[in-house]
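Peer 1: Chain by chain, the residues:
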Amino acid sequence: MLQPPTLPTDYTVKQGHIKTSTGKTIRTEEMIINMGPQHPSTHGVLRLEIVVDGEIIVDCIPHIGYLHRCFEKHCEHMTNYQQVIPYADRMDYCSAMTSEWAFALAAERMLKIEVPERVEYIRVIMAELQRIASHLIAAGTYGIDSGAFTPFLYTFIDREKILDLFEMTCGARLLYNYIWIGGLSHDLPPKFIEQAQEFVKYFRPRIKMLNDLLSYNEIFVKRTANVGVLPKDVAVNYAVSGPQLRGSGVNWDLRRDDPYSVYHKLEWEPQVGKGEMGTVGDCWDRHIVRMREMEQSLNIIEQALAGLPEGNVKAAIPKRIRPEKDAEIYVRTESSRGELGYYIVSDGTASPFRVKARGPAFVNLSVLPEIVKGAMIADLVLIAGSIDIVLGEVDR
Amino acid sequence: MEFIQTLLANELIVAVLLSLLPLVFIIIYALVVLYTEMKVAAHIQDRVAYMRTGWHGLLQPIADMLKLLQKEDIIPDKADKFLFRLAPIIAFVGTYAAYAVLPFSSIFIGSDINLGAFFLIAIGSLVVVGILMAGWASNNKWSLFGGVRAAAQMISYEIPTALAVVIVVMITGTLNLQEVTIFQDGGIGNWIVFGGPLPWLQKLMLMPFTIITLFILFVSSIAEVNRTPFDLVEAESELVQGFNTEYSGMRFAMFYLSEYANLFTVSALGVALFLGGWSSPFGSFMSGPVWGIFWFVAKAYVFVLIQIWIRWTLPRLRVDQLVYVSWKVLTPWLFVCLLAVGLILVL
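These protein sequence lines are chains A and B, in that order. Going by numbering that gives the first Met the number 0, the first sequence opens with residue 0, and the numbers climb by one from there. Going by numbering that gives the first Met the number 0, the second sequence opens with residue 0, and the numbers climb by one from there.
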């Protein structure tokens, strides 16, 4: 029988005494609170065990695993590499396209498949649309965390338009199974390009509106600037990646620094936090990096739509996927949340011997206890929100 | 007819009937504001809100209330049951008693006492006791946080409210809200926010300070009713639901009702003190006891609408920032106003 985890883990609650003016002594004690798994702002089933002194956080211990679905074990029991892709979708459900792309890329490199250029371009378009959709959720829920409910619904209006584009392409709106090993499940529908261009044109002013409404709001700036500062060295030591790392001022983007697909042919700039409102690496920086990345993604989409070559999207899809015995590979990509890598080991059969996912949200979350100490409970909500975790990917 | 006459001859029954009138008003008004809030919020957010219960969802607030009435009454096992039951009642009583001194019209005021404004502020503090009690009795750490925050917040913001009242009292020379309103009667130019019915030079000099005072009173009134950007007491993203996390059914509805009723009280205070209360903005045009009720409620409703608008636009402050705003921004500014108004009146 399963034993419930004991509480507290390795922490002894400090006790103290206060003398009142009448000469009485009052015992004081730090309080342990469970934040989650059923808490509105832990973005899923994350449980944070926090030790607080009044409202100030003394210690924070994240407990994960409430959404564990044995992703890696499932992969070993698929009859086919292709069957892993729907599972990869369900890992990071807010950014499914980038998830499945990473796995497909790893499998392709293992099998040494060259995919047609059209496929690469379409994948880039899809991944960047997905990045915008994912960042929109991040920005919107961040608004809720800070108490502003309205931006959340605005971001969902825009995300809806992206999901419509996905729906017309592959029929699915959340979990696509669109990027296959060696190609795509469908070619683009006839009107996709015009509609995507329309979206790009529509979305640029919307980013500015969102920034005006939330990012540059005086209260929001006061709440997030200088809060949860993640210094450069700590970020690197914890292997933090993605917008969170760039928010700390490290100019590191795998799309540029370990190029895959056709990103090297397109012009765009990775965005870094500059500490405009406070310190480099504070919550505001992490938020604004996401907002600016959406603009860059629009640039990428625009160029990719313009340079989309003709071709067949299913040409390279292999009939039988059976890598060599003992072949192994690690491929890393820049997902919406950071470095998403798959380590695959093959034993020569049709199913992978071992799949290990290196999830960005999981790694990024590990830095949370480091940066919340001394913050207030209200700050903890904002710091956890700025990390932008997806529990499906943290717990797998 | 005779029966009604004998009924009205009995002072006790008349008193009960008169004191029940605000309750009817609160319930109807709460339903209207509930509906307005949902609709305004929806349109701010590019949605339509409820559309199916009645025409454009008009019956939805009633349905909501009926639903809450039917809910199972849950009291947590480890809660302090007596305090848990008492808390919503105290919170509601505090809100309800404040209606006694609101001058709805020149002939309708629950109790025309000389310390009206003072009574309003004092009795409003009872709500804090209720909320603190709820937070403590629930035996839930989040609720406790909510309760303690409520105490800190409401006490901080009583001071600006009280100081703003003092400024008006300096101008009008009375704490009786009815007399304050009569003082401002006779058109928009006589409202205290525009300097009151004083010589024009004094008016002109008073105006900037009265406008600042009204603004500060408005800000602190938002804080007193715990609405965004000061809704730390029930900050849902931090404290789950704050002090009413464990409440459900009718007890929750009572907190809810008292929150909306309070919303009106603080708006009405601002209206009575600064915007001429029940007096018509056009002098004698459209004025009279019945029009008075209309003007009073309408002006307060405008305040409520602004509060709704703010709620659905702004993020929330942090606890320390909230206290900072009260003590280091609003209170010093009010002292400046107090000094200036005093000097101008002496001149």
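Simulated from the structure, these hints should not be mistaken for lab results. The beta-carbon is built from N, C-alpha and C at its ideal position, and this holds for glycine as well. Some hints here could point you the wrong way.
Said to hold, decoys possible - Taking lysine-lysine pairs in the DSSO-like style, the calculated list, with each CA pair at most 30 Å apart, reads:
no., chain 1, residue 1, chain 2, residue 2
1, B, Lys66, A, Lys221
2, A, Lys23, B, Lys38
3, B, Lys38, A, Lys160
Stated by the list, open to error - Far from chain B, by Cβ distances over 10 Å, these chain A residues were calculated:
no., residue
4, Gly15
5, Gly64
6, Asn216
7, Asp257
8, Gly310
Peer 1: Does each hint hold? Answer for all of them.
Peer 2: Against the structure, the hints:
1. B/Lys66 with A/Lys221: Distance ~40 Å between B/Lys66 and A/Lys221 Cα, so the pair is violated.
2. A/Lys23 with B/Lys38: 54 Å, violated
3. B/Lys38 with A/Lys160: 24 Å, holds
4. Gly15: 18 Å, holds
5. Gly64: 22 Å, holds
6. Asn216: The claim is violated: A/Asn216 sits with its nearest Cβ about 6 Å from chain B, within 10 Å.
7. Asp257: Given that every Cβ of chain B is farther than 10 Å from that of A/Asp257, nearest at about 36 Å, it holds.
8. Gly310: 40 Å, holds
Checked against the numbered hints given earlier, this structure breaks hints 1, 2 and 6; the rest are met.
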